[in-house]
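Spelled out, the chains give:
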Amino acid sequence: MKEFFSNIKITRESFTPEVIRNLAVLLALIITIAAPFVLRPAKAGHARKPDKTLVILSPHNETIRAEFSEAFYQHMLNRDDIRVRLDWRTPGGTSEIEKFIDSSFRASFENHWKKELGKEWKNAEIGDSFNSRKVDPNGDSPGAIARQAFLDSNVGIGVDVLFGGGEYPFVIQAEKGHLVDSGVFDRRAEWFTDEIIPAEVSGERFYDPDRRWLGNCLSSFGIVYNIDSLARLGIENPPLQWSDLGDPRYLRQVALADPTKSGSATKAFEMLIQQKMHEAALNLKRKDFETEEEFVQRAVRRGWIDGLNLIQSISANARYFTDSSAKIPLDVAQGNAAAGMCIDFYGRTINELVREKDGTSRVQYFTPLGGSSISVDPIAMFRGAPEPELALDFIEFFLSESGQKLWNYKAGTPGGPTRRSLRRLPIRKDLYTEENLAFFADPEEFPYETAVQFEYVRDWTSPAFDAIRFILRCMVLDAHEELQEAWQVLIENDFPPDATRTFYSVGFVDYDKSLGYISDRLKSGYKPGEVTLARQLTNQFRSNYRRAIRMAERGQ
Amino acid sequence: MSKSLSIGVFAFTVAFLLTFFVYPIWITIREAFIVDGEFTPYYFLQVFQNPLYLEGLKNAFLIGLFTTVGSLILSIPLAVVSNRFLFPGKTILSTLVLIPLILPPFVGAIGVKQILGQNGAFNVLLSKLGLMDMNDPTDWLGEGRLLGIVIMNALHLYPILYLNVTAALANLDPAMEEAAENLGCPAWKRFLKITLPLTMPGIFAGGTIVFIWSFTELGVPLIFDFTRVTSVQIFDGIKDIGGNPLPYALVAVLLVTTVIIFAISKLLFGRSHFTMSGRASMASYARRLPAWQGFLCSAAFCFVIFLAVIPHIGVVLNSVAADWYKSIFPESYTLAHFNTALGHELTVPSIGNSLKYASLSTLFDILLGLGIAYVVVRTTLPGRQILDSLAMLPLAVPGLVLAFGYLAMTREGQPFAWLMPNENPTMILVVAYAVRRLPYVVRSAAAGYQQTSVTLEEAAQNLGASPVRALQRITIPLIAANLIAGGLLAFAFAMLEVSDSLILAQKQEFYPITKAIYALYSSLGDGPYLASALGVWAMIFLAITIIGAGLMLGKRLGALFRI
Numbered sequence: 001m002k003e004f005f006s007n008i009k010i011t012r013e014s015f016t017p018e019v020i021r022n023l024a025v026l027l028a029l030i031i032t033i034a035a036p037f038v039l040r041p042a043k044a045g046h047a048r049k050p051d052k053t054l055v056i057l058s059p060h061n062e063t064i065r066a067e068f069s070e071a072f073y074q075h076m077l078n079r080d081d082i083r084v085r086l087d088w089r090t091p092g093g094t095s096e097i098e099k100f101i102d103s104s105f106r107a108s109f110e111n112h113w114k115k116e117l118g119k120e121w122k123n124a125e126i127g128d129s130f131n132s133r134k135v136d137p138n139g140d141s142p143g144a145i146a147r148q149a150f151l152d153s154n155v156g157i158g159v160d161v162l163f164g165g166g167e168y169p170f171v172i173q174a175e176k177g178h179l180v181d182s183g184v185f186d187r188r189a190e191w192f193t194d195e196i197i198p199a200e201v202s203g204e205r206f207y208d209p210d211r212r213w214l215g216n217c218l219s220s221f222g223i224v225y226n227i228d229s230l231a232r233l234g235i236e237n238p239p240l241q242w243s244d245l246g247d248p249r250y251l252r253q254v255a256l257a258d259p260t261k262s263g264s265a266t267k268a269f270e271m272l273i274q275q276k277m278h279e280a281a282l283n284l285k286r287k288d289f290e291t292e293e294e295f296v297q298r299a300v301r302r303g304w305i306d307g308l309n310l311i312q313s314i315s316a317n318a319r320y321f322t323d324s325s326a327k328i329p330l331d332v333a334q335g336n337a338a339a340g341m342c343i344d345f346y347g348r349t350i351n352e353l354v355r356e357k358d359g360t361s362r363v364q365y366f367t368p369l370g371g372s373s374i375s376v377d378p379i380a381m382f383r384g385a386p387e388p389e390l391a392l393d394f395i396e397f398f399l400s401e402s403g404q405k406l407w408n409y410k411a412g413t414p415g416g417p418t419r420r421s422l423r424r425l426p427i428r429k430d431l432y433t434e435e436n437l438a439f440f441a442d443p444e445e446f447p448y449e450t451a452v453q454f455e456y457v458r459d460w461t462s463p464a465f466d467a468i469r470f471i472l473r474c475m476v477l478d479a480h481e482e483l484q485e486a487w488q489v490l491i492e493n494d495f496p497p498d499a500t501r502t503f504y505s506v507g508f509v510d511y512d513k514s515l516g517y518i519s520d521r522l523k524s525g526y527k528p529g530e531v532t533l534a535r536q537l538t539n540q541f542r543s544n545y546r547r548a549i550r551m552a553e554r555g556q
Numbered sequence: 001m002s003k004s005l006s007i008g009v010f011a012f013t014v015a016f017l018l019t020f021f022v023y024p025i026w027i028t029i030r031e032a033f034i035v036d037g038e039f040t041p042y043y044f045l046q047v048f049q050n051p052l053y054l055e056g057l058k059n060a061f062l063i064g065l066f067t068t069v070g071s072l073i074l075s076i077p078l079a080v081v082s083n084r085f086l087f088p089g090k091t092i093l094s095t096l097v098l099i100p101l102i103l104p105p106f107v108g109a110i111g112v113k114q115i116l117g118q119n120g121a122f123n124v125l126l127s128k129l130g131l132m133d134m135n136d137p138t139d140w141l142g143e144g145r146l147l148g149i150v151i152m153n154a155l156h157l158y159p160i161l162y163l164n165v166t167a168a169l170a171n172l173d174p175a176m177e178e179a180a181e182n183l184g185c186p187a188w189k190r191f192l193k194i195t196l197p198l199t200m201p202g203i204f205a206g207g208t209i210v211f212i213w214s215f216t217e218l219g220v221p222l223i224f225d226f227t228r229v230t231s232v233q234i235f236d237g238i239k240d241i242g243g244n245p246l247p248y249a250l251v252a253v254l255l256v257t258t259v260i261i262f263a264i265s266k267l268l269f270g271r272s273h274f275t276m277s278g279r280a281s282m283a284s285y286a287r288r289l290p291a292w293q294g295f296l297c298s299a300a301f302c303f304v305i306f307l308a309v310i311p312h313i314g315v316v317l318n319s320v321a322a323d324w325y326k327s328i329f330p331e332s333y334t335l336a337h338f339n340t341a342l343g344h345e346l347t348v349p350s351i352g353n354s355l356k357y358a359s360l361s362t363l364f365d366i367l368l369g370l371g372i373a374y375v376v377v378r379t380t381l382p383g384r385q386i387l388d389s390l391a392m393l394p395l396a397v398p399g400l401v402l403a404f405g406y407l408a409m410t411r412e413g414q415p416f417a418w419l420m421p422n423e424n425p426t427m428i429l430v431v432a433y434a435v436r437r438l439p440y441v442v443r444s445a446a447a448g449y450q451q452t453s454v455t456l457e458e459a460a461q462n463l464g465a466s467p468v469r470a471l472q473r474i475t476i477p478l479i480a481a482n483l484i485a486g487g488l489l490a491f492a493f494a495m496l497e498v499s500d501s502l503i504l505a506q507k508q509e510f511y512p513i514t515k516a517i518y519a520l521y522s523s524l525g526d527g528p529y530l531a532s533a534l535g536v537w538a539m540i541f542l543a544i545t546i547i548g549a550g551l552m553l554g555k556r557l558g559a560l561f562r563i
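In order, the protein sequence lines correspond to chains C and X.
The working numbering numbers the first residue of the first sequence as 1 and each following residue consecutively.
The working numbering numbers the first residue of the second sequence as 1 and each following residue consecutively.
Next up, chain C with everything else stripped away, as it sits in the complex (with noise of 0.2 Å):
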């Protein structure tokens, strides 16, 4: 033996380039495979076979998910003695969700039209009708019948629960029937009072009058922002509300949501307007022959102005719009903007991050006073779960004390998530007691206190949601290059008063219009006649801004 390797030399010469090339190759695709396996975890308890599996529709983030997994298999452990796994399905943000749940649907409801009623599927009649908000299922037309057929039936897409996204998702999802009542509310009736889940804060709604969803957390928007980056702007005074972002030295360093992908971007911007009607109402004088309804309609024309106008020079300061929620406070930590629209929970987030040693933190995040309303993200049962037991259990758990505790608890304090604190804040307004706020990861944030500093008026813009959605497309989205080379041009001239105008000037889609032939124009449901409007919208601003530079050019 000794012989044998004795014979064999291994000397200098035997590494020749190539063996060293080749080995080295070998050794690097074996530690790259290896790692994932040395580093794999042990199998948890709750990774064995799991007697149910609760199936989840979600685009919340992934450590809510793992918090909310784990938590809810210990419950269901302790209670029931069963092991319930929770099965995310996670196909992307609001609008793939919401295209992956009506194709889902689309598919179902034709399979059980055909097989278990036995009659013809047409696309457009049939497939169009069956989940519409706008056909009414009492009515004889084969739209009528398919509509009523579907709403009788316990059709359902193997999904048990929706969860998160904001409330505009939900509302939408309810009214094509794709939601139903879970029960929590004829369980645990005694939760909702206003006590511990009112029905409306703030005139927003805390979940559905017809019980098909309910709030479980709350958010808003605020301003998240970059101490160094205003330093180097030379901006004294931090943005602490939206007008700030407006300031001309915040040029191509604002980053903002992007309204036409997310509804609760859309009503970030819808309470910006509502700001500036209040402020309307507190600056303008009424006049003698004025009635208080017509004084505060007037106010409420020009809030709605002013806010179209703030938007502008808002929106010709940012550097992008983005559907990304994650990409915002991002950007404003690395100093790729100076400041930006901002969720809440990513913002503290963010600026628990990057905190030094010394407590200070370069990114701050701020929900400006009287410009943000306080709204719920909701939970939902989907129409024929295949688990709604459990999706009833997994509501009322999340609604109950010890569930609601994860949403701000910090991480390993008893009862709250174990690895990272997700930092938003529980619905239940009894849980904000002295006790508890001990454990909370932001115990200064009071939002039922929050949520009285703003009172929305839903009749003022609600009306208007779909318009403000659609005008901000035209307005600042689509004629975005122009928008901001003509606020560049407006900057380098110091504001020529007659350009200035020309650039503001959006009279053609005031309050009246707005909520007349736009309105009117997007409920139709007629395509063709918002595509057309779309592109008028859009040419009439576009030609607006290219004169604004045209004529500050002139100095006028």
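Hint data in this document are derived by calculation from the structure and do not stem from the laboratory.
Covered stretches of chain C, as calculated for chain X (at least 3 residues, CB under 8 Å):
id: 1; stretch: 32 to 41
id: 2; stretch: 88 to 102
id: 3; stretch: 106 to 117
id: 4; stretch: 333 to 340
id: 5; stretch: 477 to 487
id: 6; stretch: 522 to 532
Restraint ranges, calculated between C-beta atoms of paired labels, are given here:
id: 7; chain 1: C; residue 1: K523; chain 2: X; residue 2: D133; range: 47 to 55 Å
id: 8; chain 1: C; residue 1: E553; chain 2: X; residue 2: D133; range: 27 to 35 Å
id: 9; chain 1: X; residue 1: M427; chain 2: C; residue 2: P41; range: 25 to 33 Å
id: 10; chain 1: X; residue 1: L131; chain 2: C; residue 2: I491; range: 22 to 30 Å
id: 11; chain 1: C; residue 1: K122; chain 2: X; residue 2: T334; range: 58 to 66 Å
All figures in this text were calculated on a predicted structure; none of them were measured in a lab.
Cβ coordinates follow ideal geometry from the N, Cα and C atoms, glycine included.
Put chain X on the given structure of chain C with help from the hints.
Same frame as chain C, but now just chain X:
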């Protein structure tokens, strides 16, 4: 191949593309063409009446054109140098040239911003050198965006051209050039009159892919926040919660435009191919250069590779950074992100899944690609040009459009539900990846067929070999370099495929690695770092695969590519 077999292959590939390419697109975009049960070209025509969309198309065209030119300028000299000369580090550099292609999804943009952002490493470096005031930094990503997009695209995509041109040069018979040289033709004229025309199939193959890719590229314009380009307009429109049918019409316009441009460029550049009656009669004629010239060649390779991997460097440093802000390199380093990302319960299964999906789909692509390219190049069947265009179109279709089409057609009760039994997406994902990555293999195979004379195959048949055997023993070995080139691209890009993975792999146990990266990306706070870490893992794996493939095939690949 006999006529009946050719027709069979033709019929099968057409049927396959109609079923798994045209049909899913139609399911998704039909709402732009069917209103109240009736067909209408209204939206399609609306696109041409809207100056916004026309500008978008114009910008897309400019981006495509200049990216192609830029990639040609980068890749042809490199390919020629690597074909002709021996220089220090040649083997490793010729392989490394491909690395820019493998940039993981979601985190690439962060990598770019860490380097080129206002507070990014590049600006800090400039200010340290006294060339910039950090109080007034240049906003590289915010200014001159069209140029920026073209540069970044060209640096990202030139390897595709490089790969195809190298394969084409390898197929060249040096005797041709020698003949010209003997007849007194000067070097530059030899290059223009002999080498370039003979390499045209490779240039055309790579050039069309680069053009269509950049013409429809979404990620890079998004890094520059440039929205007035068709791909971004479609992406924004599809995600519009107002339910806007125009983006779907825009998809159709984009597809039609792509076909037209492809057809025109084929007329202009794709027809003049000269086949060679034999393979190179000499093993290799790369010659050793004097030290300083050789060093210059290596330096050129290094320089281009360095520029092209700037985003990758950003991602790699980000994956090990504790905080990286206003400094050239991260201030402190940590391996915690790797620990968490690689140790995540999603990671190991997703690696296995991705390997399975990507290798099966690559295999499928090679079979399909061989068949389609054969029909297109070798037969005179009517309609073969349509097949050729059809096989290129997957490059131009936005990922989400196809993905939602596949989702709809595999739902329970639908004709293709059997492709997703019990929500197991393996089969439909293999098909989806194969369709999307088909163009690479088709183009490479077509270039191979074009350069290889059909007489060799005919000779084999005359000597009694069956058509299939002739293909198997003669043609396929001769075009192996092309197939390996196309196959490597198909595999690498299948591993990095995003849209189909997000939409079709719903259950966690079936996640491919891209969806795992997406899931990690959404972790609160450290998500981008974790995603970078897993992305770096994918990058390393693919880099080793590509380099390893080179070494495993050893001298054979060397001879094929003339490395």
